[in-house]
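All chains should be modelled from the sequences, with the hints used to inform the complete structure.
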Amino acid sequence: MLAEIYRGYIACLNAQDWPNLGTFVHDTLRYNERALTLDDYRDMLRKDYREIPDLFFDIRLLIEEAPRIACRLRFECTPAGVFLGLHVDGKRVVFFENVIYEFRDGKIDNVWSVIDKAAIEAQL
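Heads up, the sequence shown is in the numbering used here, so the first residue is 1 and it goes up one at a time.
Read the hints as simulated data drawn from the structure, not as lab findings.
These numbers come from a predicted model, not from an experiment.
Ideal Cβ placement from N, Cα and C applies to all residues, glycine included.
Fair warning: there could be bad hints in the mix.
What the hints assert, rightly or not - Ranges between beta-carbon positions, derived for each pair:
| id | residue 1 | residue 2 | range |
| --- | --- | --- | --- |
| 1 | R104 | K47 | 24 to 32 Å |
| 2 | S113 | D54 | 18 to 26 Å |
| 3 | H87 | L62 | 26 to 34 Å |
What the hints assert, rightly or not - Capping the alpha-carbon separation at 20 Å, the derived lysine to aspartate or glutamate pairs in DMTMM-like fashion look like this:
| id | residue 1 | residue 2 |
| --- | --- | --- |
| 4 | K47 | D58 |
| 5 | K47 | D27 |
| 6 | K107 | D17 |
| 7 | K117 | D58 |
| 8 | K47 | E76 |
| 9 | K91 | D48 |
| 10 | K47 | E97 |
| 11 | K107 | E33 |
| 12 | K47 | D89 |
| 13 | K47 | E65 |
| 14 | K107 | D43 |
| 15 | K107 | D54 |
What follows is the structure, encoded as structure tokens:
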């Protein structure tokens, strides 16, 4: 059940379907222990797409244990300028994000995310 919702969420991100983000995410949530509103979260994602125009969330591993989803996402993209404090400047890089989502009432309520910055550094 949660896996289906999560796949819908990833499809929403990949389509940049911002008006429908609230279908998958609560009006308030926590992201790496920071309190955010849905609008804050949407703005953060929009910023990611501005910095990485070819951003695509590719699910490589998905584990469901309600009320949580653990996922390993793969990215192969060309961040423009500085990304995570690194001067990528349009170079194509491959990296992974390990992320855990906690759901409440069928929507994302809590997110813990770790991006493999060392993998990007090794490619620069």
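Hint-by-hint comparison with the structure:
1. R104 / K47: 24 to 32 Å: holds (25 Å)
2. S113 / D54: 18 to 26 Å: holds (20 Å)
3. H87 / L62: 26 to 34 Å: Check passed, 32 Å falls within 26 to 34 Å.
4. K47 / D58: holds (19 Å)
5. K47 / D27: Between K47 and D27 the Cα gap is close to 19 Å, so the pair holds against 20 Å.
6. K107 / D17: The given pair, whose Cα atoms are some 16 Å apart, holds under the 20 Å limit.
7. K117 / D58: holds (17 Å)
8. K47 / E76: holds (17 Å)
9. K91 / D48: holds (16 Å)
10. K47 / E97: holds (17 Å)
11. K107 / E33: holds (17 Å)
12. K47 / D89: holds (16 Å)
13. K47 / E65: violated (30 Å)
14. K107 / D43: Within the cut-off at roughly 18 Å; holds.
15. K107 / D54: Answer violated: K107 to D54 is near 26 Å, above 20 Å.
Violation of the numbered hints given earlier is confined to hints 13 and 15; the remaining hints are satisfied by the structure.
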